[in-house]
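Residue numbers (our numbering), protein chains in the order written: chain A, 1 to 307; chain B, 1 to 426.
Any given hint could be a false lead.
Straight-line distance between alpha carbons at most 20 Å, and here's what the computed DMTMM-like set of lysine to aspartate or glutamate pairs gives [to be verified]:
#1 A:K72 with B:E98
#2 A:K301 with B:E98
#3 B:K2 with A:D36
#4 B:K133 with A:D70
#5 A:K301 with A:E43
#6 B:K134 with A:E61
Hints in this document: simulated from the structure, not taken from any laboratory.
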Amino acid sequence: MGISSTNNETAPISTANPTQNRKLENQHDAVAGLPDEPLVVIEPNNGWSALDLRDLWAFRELLYFLTWRDVKVRYKQTELGVAWAIIQPLFTMLIFTLFFGRLAGVPSDNVPYPIFAFTGLLAWTFFSNAITSSGNSLVGSAHLITKVYFPRMIIPGAAVAAGLVDFAIAFVILVLLMFYYGVGITLNILMFPVMVLLTTLLALGTGMWLSALNVKYRDVRFALPFMVQLWMYLSPVIYPASFLPVKLRSLLLLNPMTGIIEGFRSALLGRPFNWIALAISAVITLILLIYSSYSFRRMEKSFADIV
Amino acid sequence: MKPIVRATTLGKQYTIGTREAAYDTLRESITQAVRAPIRRLRSGNGRRNVDTIWALKDANFDVQPGEVVGIIGSNGAGKSTLLKVLSRITEPTTGRVELYGRVASLLEVGTGFHPELTGRENIYLNGAILGMKKTEIDSKFDRIVDFSELERFLDTPVKRYSSGMYMRLAFAVASHLEPEILIVDEVLAVGDAQFQKKCLGKMSDVASEGRTVLFVSHNMIAIQSLCKRALWLEGGAIADDGSAGTVVRNYLSHSFGNKISDEEIWPDVETAPGNDSVRLHRVQVRSLDEVSGQHLTTRTPFCIDVEYWNLQPSANINITLHLYTEQQAIAFTTGSGSGDPEWSRRSLPAGLFRATCYVPGDLLNVGRHRFNVFVIKDLSSVLYQYESTVTFEIFDLDERVLSHYAREPGVVKPNLKWKTEQVGEM
Numbered sequence: 001m002g003i004s005s006t007n008n009e010t011a012p013i014s015t016a017n018p019t020q021n022r023k024l025e026n027q028h029d030a031v032a033g034l035p036d037e038p039l040v041v042i043e044p045n046n047g048w049s050a051l052d053l054r055d056l057w058a059f060r061e062l063l064y065f066l067t068w069r070d071v072k073v074r075y076k077q078t079e080l081g082v083a084w085a086i087i088q089p090l091f092t093m094l095i096f097t098l099f100f101g102r103l104a105g106v107p108s109d110n111v112p113y114p115i116f117a118f119t120g121l122l123a124w125t126f127f128s129n130a131i132t133s134s135g136n137s138l139v140g141s142a143h144l145i146t147k148v149y150f151p152r153m154i155i156p157g158a159a160v161a162a163g164l165v166d167f168a169i170a171f172v173i174l175v176l177l178m179f180y181y182g183v184g185i186t187l188n189i190l191m192f193p194v195m196v197l198l199t200t201l202l203a204l205g206t207g208m209w210l211s212a213l214n215v216k217y218r219d220v221r222f223a224l225p226f227m228v229q230l231w232m233y234l235s236p237v238i239y240p241a242s243f244l245p246v247k248l249r250s251l252l253l254l255n256p257m258t259g260i261i262e263g264f265r266s267a268l269l270g271r272p273f274n275w276i277a278l279a280i281s282a283v284i285t286l287i288l289l290i291y292s293s294y295s296f297r298r299m300e301k302s303f304a305d306i307v
Numbered sequence: 001m002k003p004i005v006r007a008t009t010l011g012k013q014y015t016i017g018t019r020e021a022a023y024d025t026l027r028e029s030i031t032q033a034v035r036a037p038i039r040r041l042r043s044g045n046g047r048r049n050v051d052t053i054w055a056l057k058d059a060n061f062d063v064q065p066g067e068v069v070g071i072i073g074s075n076g077a078g079k080s081t082l083l084k085v086l087s088r089i090t091e092p093t094t095g096r097v098e099l100y101g102r103v104a105s106l107l108e109v110g111t112g113f114h115p116e117l118t119g120r121e122n123i124y125l126n127g128a129i130l131g132m133k134k135t136e137i138d139s140k141f142d143r144i145v146d147f148s149e150l151e152r153f154l155d156t157p158v159k160r161y162s163s164g165m166y167m168r169l170a171f172a173v174a175s176h177l178e179p180e181i182l183i184v185d186e187v188l189a190v191g192d193a194q195f196q197k198k199c200l201g202k203m204s205d206v207a208s209e210g211r212t213v214l215f216v217s218h219n220m221i222a223i224q225s226l227c228k229r230a231l232w233l234e235g236g237a238i239a240d241d242g243s244a245g246t247v248v249r250n251y252l253s254h255s256f257g258n259k260i261s262d263e264e265i266w267p268d269v270e271t272a273p274g275n276d277s278v279r280l281h282r283v284q285v286r287s288l289d290e291v292s293g294q295h296l297t298t299r300t301p302f303c304i305d306v307e308y309w310n311l312q313p314s315a316n317i318n319i320t321l322h323l324y325t326e327q328q329a330i331a332f333t334t335g336s337g338s339g340d341p342e343w344s345r346r347s348l349p350a351g352l353f354r355a356t357c358y359v360p361g362d363l364l365n366v367g368r369h370r371f372n373v374f375v376i377k378d379l380s381s382v383l384y385q386y387e388s389t390v391t392f393e394i395f396d397l398d399e400r401v402l403s404h405y406a407r408e409p410g411v412v413k414p415n416l417k418w419k420t421e422q423v424g425e426m
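Bound conformation, chain A alone (with noise of 0.2 Å):
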C-alpha cells in the first residue's frame, strides 16, 4: 500500500494519564495538538514501494501476540500437547536411521547415523514447518486482512517466529542424543545462532512469498507439501552432501539448505564447516529476502480486495 506513515511515535495521544480530567484535555489537545505534517497519506501506489521499517517496527508488539497466538492454539486439545513438536523429529529420525543408515547404509561422515540424522531433521522441520504455516498464513487470516490495518508481513513473520518455539523444544533432544552418543561441544557452537538466524531468513524470505502468492493462486496451498517433500530429497538431510559425486555435489549448492543443514551439523557436531557452501546460502537467503519482501509490498495491495 502506498502507506508513508512519518512519526508515528510522536502523535499526541493523551493516553499518558487516563484518569485526569479526560475530556477537556482531549478537547484541548485534540484541537491544538495537530501536527503540521500528516502522520499518514493513503495514496494510490503502482510501483513498487520501498519496505516501511518504520511501519513494522511500530506494530512489533503485534509480531509477538500473532506469534504467541500461533504457539497457544497450536496444541490446544491436543493430549499430547508440547510433545508433537519432539515426536515428529524423533520418530522421523528413527525411521531414517532404520532404513538409510541400516538397511541402506547411507554414510554419515562419521557421526552415529541417529545424530547425522537428527541434526539435519532438526534444522529441516524447522525450516519446512515454518514455510509450510507462513505460506498458508496470509489466507488463514483473512478475517485480519479484511478488517484492519497493520502491515501484513507481520502475519507470515509470526508464523515462522512460532516455528522457532517448536525448533527450541526439539533442540533439547539433540542436546540428550549428543550425551547419550558422547559427542563432545566444540567451538564451533559459537556458529549456532548464526545457523538458527540464517534458517529463519531463509524460512522467512521463501514463506513470505509462498504466502502473498498464495493470496490470489490457491494452486500454492496445494504444492506446497509436495514442494517440501522433494525439497528435502534434494538436501543433505538423510545423507551427507560428500555421499554425492562431485559434479552433482556442486549443483547441490545451489540449494541454500545445503550449506545451512551442512552448516548445523559443523556447529553442532563439531566438525569443520564448509565456508564456501554456507557463503552461497547467505547470498541466496539475502536475496531471496530482498526479493520476496519488495514483491509481498507489490502485492499486498490487492490482499484485502481478493482474499
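Could you slot chain B onto chain A? The hints should help.
Only chain B this time, still in chain A's reference frame:
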C-alpha cells in the same frame, strides 16, 4: 480550522465479473498471459473489456478535529469501501487522504478473537490487533473486564461463550481504544437491544470526549443524536454533506419516498382488481402532518384512502382493512362498518367512492407496514379481498433519548397515560 482528515478526489475501483470473482489459478493466469496480447490486438486499446465498478468515486471532504460524522446511504453505496480506504485496509485507486492523527478502525467487533483462547488472552490479542500497546492493555485491563461484566469467565475459552458474552467482551476491548480518529462500521447492528444501548452510550461518551469519529450506521436515530454532521453516499459518490438532521431527512425522503410505493392506482375500470360488483380504483397512504413531509414517524397521524367503483346500483358496501406489521402480525383491523355508523347501512348508487380511514399518531410501532383491503357487502359477506402492495414505513425520528435507539418490542406503540400514587402506609 485545519482538518484532521482531508480526502481529495478519493476513488476505489473494483474489477467485477469472471476474472477476479474466482481465485486466480496459475493455469488461468498462464492462459490469460497468452490470450491477452491477442485480445489487445483485437480490441484496440488494452484492457477495456474487463468489467469494473467504482465503489467510491471522486469523494472530497474534510473532517474537523472533534467532529462526529455519520455516514449514511443504502447498501452498496460505498460506505464500507470508504471506511476500508480510510483505515488503510484497501488502497484507493485515485485520490489522496491525509490523516493528521492516530487512527483506529472498528469495522467489526472482535476482530482476531481466537475461539480456543481464553477471555483474558483474547483481550490482549484483540487489543494488540486493534493497535494497543501491551502496557496500554495492562493499564486498562481492569476497566475492560469491568465493562464486559465477565470476571467469572475470564479463564474460559471464548468458544464456550454465548454470542452475547462474546460481543460484550469484544466491545469492551474496542471501546477502550483511544485514538484521535475513530472509524466505526455498523457495529450496532449486532447484538441485542441491551448491548446496542451500551454501545451507543459508549459511542456518545467517545463523541463528547472530543475525538474525531466517522461512524457508519443505518440507525438514523443514532446518526441524528450522535453526529452533528452527516455524509450521504449514493452510488459511490457523496450525494449530500451537511448537518445530520438535514442530510438524514433528504436521504429518507429520497430513498423511501421513491422506493416504497405509498399508492396503487388503476385508471381503467375494466382491468382494475375486483369483480362484477366492485372494482378498486386507488389505495394510498397519506401523511396528515405537513411538517414531517413524506415520511411517517410514530407520532404522525396519517390516513389510508380506498377508492372503488361500485358497479351495482343500490348496494350496501363497506371497506375493512387488516393492517400488518413487518413480522406479518395483524396490528389491527378496522372498517367503515363500525367506524362510520351513519354511512354503513346506506345503499349506494353505482359510481366512484372513496373510503378514508384515519390513523392517529402514537399508535403504530416503528417498521414497515402493509394492509389487506376487504370489500364487505351488507355488513356480512366479503365481496372482494385485495392484498395491497402499498408499503409504508414508520420511523422513530422524534425520540432522542438514548434508551430509545433500538426498536421497542410490540405490535403497537401507543403513548399511554400513566399515573402513580401512594395508596397506603408501611
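These are the hints, each one checked on the structure:
For the hint pairing K72 of chain A with E98 of chain B, the CA-to-CA distance comes to about 39 Å; that exceeds 20 Å, so the pair is violated. This hinted pair checks out: K301 of chain A and E98 of chain B have alpha carbons roughly 18 Å apart, not beyond 20 Å. For the hint pairing K2 of chain B with D36 of chain A, the CA-to-CA distance comes to about 10 Å; that is within 20 Å, so the pair holds. Between K133 of chain B and D70 of chain A the CA atoms are separated by roughly 19 Å; this keeps the pair inside 20 Å, and the hint holds.
Pair hint K301 of chain A plus E43 of chain A holds up; C-alpha atoms about 11 Å apart against a cutoff of 20 Å. Distance check on the hinted pair: K134 of chain B and E61 of chain A sit about 7 Å apart at the alpha-carbon level, within 20 Å; holds.
When held up to the earlier numbered hints, the structure conflicts with hint 1 and nothing else.
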